[in-house]
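Produce the entire structure from the sequences given, and follow the hints as far as they go.
Protein chains: 2
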Amino acid sequence: MIKKVLIGILCSAAVLTLGILIGHFGITKSSGSAPSWVRDVAKDVDESLVEKFLSEVDNIQIQENLRELTKVPHMATTAGDEQTVKFMLKRWQDPESGLDQAWREEYMVYLSFPDPKNPNSVTVGESLILQTKKILRWFSPYAAYSPAGHPKGKLVYANQGKPSDYELLNRTIDLNGTIAITRYGGAGRAAKAINAAPYGIIGVLVYTDPLDINDGLMSDINETYPHSWYLPPSGVERGSFKNHYGDMLTPYLAAKEETYRIPAKNVTGIPPIPIQPIGFEDAYILICELGGEAAPSEWQGSFSCTYNFGGPGFKHTSTFNNSDVKLDIFNYEEVRSSANVMGVIRGSVEPDRYVIYGNHRDSWVHGAIDPSSGTSVMLELSRVLGKMVKQGKWRPRRSIIFGSWGAEEFGLIGSAEYTEQYFTKLSERTVAYINVDIAVFANATLRASGMPSVQNVIFTAAKQVDAPGLDSMSVYDNWIQYANKTSPAHGTIPRVGYLSGAGSDYAAFVHYLGITSMDISYTYDRSKTNARIYPAYHTAYDTFDYASKFIDPGFTSHQATGRTAGNILIRLADSLVLPLNCSDYAESLEEYLKTAIDLYQHQLKARNISMGKNKTFNNAPDFYPEMNQNALYSRKTHDKSDNSLPLKVRMINDQLMLLDRAFLNPLAFPDKYGYRHVIWASSSAGQPTFPGLADAYDKAESSGQSNDWDKVHYHLSVLSQAIDGAAHMLLDVI
Amino acid sequence: MIKKVLIGILCSAAVLTLGILIGHFGITKSSGSAPSWVRDVAKDVDESLVEKFLSEVDNIQIQENLRELTKVPHMATTAGDEQTVKFMLKRWQDPESGLDQAWREEYMVYLSFPDPKNPNSVTVGESLILQTKKILRWFSPYAAYSPAGHPKGKLVYANQGKPSDYELLNRTIDLNGTIAITRYGGAGRAAKAINAAPYGIIGVLVYTDPLDINDGLMSDINETYPHSWYLPPSGVERGSFKNHYGDMLTPYLAAKEETYRIPAKNVTGIPPIPIQPIGFEDAYILICELGGEAAPSEWQGSFSCTYNFGGPGFKHTSTFNNSDVKLDIFNYEEVRSSANVMGVIRGSVEPDRYVIYGNHRDSWVHGAIDPSSGTSVMLELSRVLGKMVKQGKWRPRRSIIFGSWGAEEFGLIGSAEYTEQYFTKLSERTVAYINVDIAVFANATLRASGMPSVQNVIFTAAKQVDAPGLDSMSVYDNWIQYANKTSPAHGTIPRVGYLSGAGSDYAAFVHYLGITSMDISYTYDRSKTNARIYPAYHTAYDTFDYASKFIDPGFTSHQATGRTAGNILIRLADSLVLPLNCSDYAESLEEYLKTAIDLYQHQLKARNISMGKNKTFNNAPDFYPEMNQNALYSRKTHDKSDNSLPLKVRMINDQLMLLDRAFLNPLAFPDKYGYRHVIWASSSAGQPTFPGLADAYDKAESSGQSNDWDKVHYHLSVLSQAIDGAAHMLLDVI
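Line by line, the protein sequences are chains R and Y. Under UniProt numbering, the first sequence is numbered contiguously, ending at residue 734. Under UniProt numbering, the second sequence is numbered contiguously, ending at residue 734.
Because the hints were derived from the structure by calculation, they are not lab data. Watch out, some of these pointers could steer you wrong.
No distinction is drawn between identical chains; accordingly, a pair holds when it is met within one copy or between any pair of copies.
Unchecked claim - Computed cross-link-like contacts, SDA-like style, restricted to lysine to any residue with a CA-CA straight-line distance of at most 25 Å:
(1) K152 to Y284
(2) K528 to S228
(3) K672 to N266
(4) K528 to V85
Here's what the structure looks like:
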């Protein structure tokens, strides 16, 4: 059903490539006595300006931005957050190096906080031996959206809190009334509690095992920060414990003051039972005292003891003996005003086309790496670009919008509300979204994810930037050593990931709006560490000191990320023809298709569902004979002497800009909030192929029910229609 | 919540009006030695070409088109339909007067037919005294999508089959096991059976009362056709008995061969019990013999007897005595291949902008008026325009797409599948859709419905066309005498209706795609007739003879409709700045708002739901200070000597084109298939105001439940966000 369609995309991509040549060569650069706008509309990227930009992006400026941004903790909607709002506005409204305009936009969003008067605590037996670390009033670690409650029961160890973990545990122990301790990883934060509740578990603890974050190291005497980048025993990873992104009380509506809010009791995708994060110093005490059988080897972490399931509860020999564990959780939910800070540079030729560059501003504590590394880079880009604009040396062809999103840590709320509020305007006008959240995880190599069509502009940009700390090697050449793949069209190239999840603010742009997006950072040498993420992630140790000593001394990786992302930004804003390559998209779709055929075709054939034929599209050339003629025509007009219309370039650009929009289907995933992109939606099947198809197939195969097989057929049709629709966007316009 | 927003729209409409002035005057008409495209992109409508077009639209050509189209019955997917497909293709592929390209596109759609071997029948007692008229094998009257079945029971009269009708009847009679006879009007076709079933009614008859269609006349000796336009006693109105438009087995997916189809048993919105249409000669026999109490006066029709409820069943004194009525219905459903015929004229400057002009091709029998009057006009327009193109005298700025839709009579299927298949392409590129289905209901005056933004171009066009049969009076001046209203901005003007229903193929364009649309025809002098519609509607009497003798002798009203619609088409295709007036849209929204405030504000205030304030938008000027500056800037560039960019005009046109798209919300009406436009969706509340709000309010007021009041608040928020979004599309682009 979808095979021919993909080939169709490839073909039309070829047509477009020719179209791109028209764009580049067809418009004469000087037009004699023509009006000045004739020259303006034909202007392409100015490479000397790119060079100037690259040379002006300054590592020390980034360092000082970070120092300023991390002065105080700035959790969403707190006084520290307000301080960063004012700082962003001041910088973006600076008369020498600010943007054309900058302003704040408020949303009233549903957040969750610990009670400053009653810190959450964990008790064993009668004595309060574990109390979650209080770094500062208001910032004691907690699980946002965990309900308040005071569950008390025998402790069990449930590995990562995956469904299979609880299932296995339940075979050995009666879990009713127990408290489960789990480690981070393997399952989403909220899922650890959601998966637990059906077994009668009444509370959950979650900690970071040194195996997963510290390459096994755990001594704060000489191993962990401040001796290295590793997490100290007292570090606690906070986080948002919810499954859906955006404000949960105002689904699909911008959370303005008077917006209708669903009753809080109707919110889904949050923990039904109390859950609390703790540091591994506390987890160690609890886990190593557990009784019962030894857990399987995959459940073992780095502690110097065997991880047992729990009796439930502790060993007889333990000092805890048969004590219960009690959680006292005082979290409460509140609707609060959270601000996005927005800034724009107005486009000169096509002000109604937007390139959006964004990052969140809120942190859990000081948030030096997450998110202030990204914000420091964004401020440096906007300073360099803003200065060129203020000095009259440059104005981009298209408009640039900078977004400093609020309340991302609570589930990408600021960016999601923004896309809900400006849905049509952003859909119709946005060329691309660039996300730089954690700018530097580590200083080994560039990392990029995005729609396949942005691969090429990322490569172009990365080739022009020097790799930090390496003599005469580009970011691109360095990158290809760390992560590469073989492309049928390009040979060996760096591997660009996909944005199928909702890990940062790109989510609403990718999944809800269907805007071509990318996420850029500097990251690890994976041969040197197995850390799940940089060790201080979401803890109070993510500070300026930590960042400047152990993540990126000298801030040169920040600089490289900024140069690369800024170069991409300029190219997207200034290129005459948008640097989006749809044939790279087709290559990825072909890979997905091949996987789908390998995995599913046999079974589907047996059920009379065909994957290999799409009559409509196959017949299209007969219906539209001129399509092929036009491909030829395009080839002919490659001739430089032929004058072409600026509207022809706009037409091609609109085809490129809107390609991803054709993949949207607002009804395809009724159970996944905000997921409309049928190629990149999240998937639980874990297969590198079309997500709706993969998940439906998994379900049908396990249930065997005929209506589940109907769903597989339905998702094939959704996919076929979406890809067909995308191909129609790329074919000759009429 | 929405008041200020509307004022905002008005303001931004003013900004746009200034923008329009830039477009008209800013681009110099000659540019010296500039490339030729500099002149081409600045070209506006050529009024001499409009005149030439008007003079060439020929009434006799239309008459001959109609004669050809109505030679044989052409119900969807029959041999007669195929004949019309070939005829359209021949005309649109004509080398002298055809289009650039024309082709057919097939969909496999779910239809319903009578069994040619077993004609449906209605029996009283033991003798077959009523047999539905068999006009021709395959075209015996039937209710499409009525299930087959053989219900037998006592007859009752249920007026129009509205919920209130059955409710009233049920107070007097036990309806279990009865057959209800109903008259057309008051409720949808399928609704008459859907409303009946819950009362235990097992079959339904439906007929056209002479009161509703014939101004009371019913004698075929001297009163009805062929003596006049009135329906003869044997005439039977056929129709599609379904609530949702489009193919019912493939919701939101184009019905291609391999598309997933839902099981037919899951189809909703069709009659759960057999229903059959009959002529009033048969209805007369049945109704005048009914026993029981006299029905209320509003239930009485034109028959020369009292309409009784039924005993149930007939009077004791009737020859039918206590006989049952039996329906023998042999209808069956089938998936069949139905064709759209498509034709295009490629645009010269903006080929990627479409003006779509369409009508369905299929009829119930010969379908002279419905739909062939419209098709005859469309063919004449395409002949005149095609000839100009073939002769090299003209090529529109934008592309023109002609659509001859299939299977409209079965629920707008061809046009709906087309919009599903090409969703993104059509959404992103279509400037407007013009529907001319029944071109001439009667020859008194023009009738037009559409989004308020098209009012002005309809007026412009109608002022340039002579009213048929009237000396030196324009279609516009004639129209204003029949239907007018007072506009705050324009004074007395003809009344243009809204497209809030799904009466013809505009439905998918308006409600699913959110494309600015209009529906044009010539119609009645309402002071001369109360006929629900032209009397031969959907009967075998709708023939060429009928049309040419009683609807439009001389075909001058067809000509006037064609000239007006064609003039609109040219203006939409050729105008430099699109002739869509968003301030007229704002005027209609203000009226809707005023009604909403009058009707609902008091109650909503009492429930703490505010309608009068929208903080976001109210504050917008502070956020975007440049907006107002730009209004000033626009005013300044009114100056003719200032050169402007062609991309600036494109930008304004995109704002106008996409305005309606901002009103779409795919989740607002989960129970209404294909309805996404929050301003024009269908509504059962019967109030001239926002449909979702009105329906939710009605429900909440009658149930009093708090979750129903929540729905009212929700719809206010949906509306507020949509209008806000539309305003953002009109404001300065960045």
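Checked hints:
no., hint, in the structure
1, K152 to Y284, "within (19 Å within a copy, 80 Å between copies)"
2, K528 to S228, "within (14 Å within a copy, 94 Å between copies)"
3, K672 to N266, "both (16 Å within a copy, 24 Å between copies)"
4, K528 to V85, "neither (37 Å within a copy, 69 Å between copies)"
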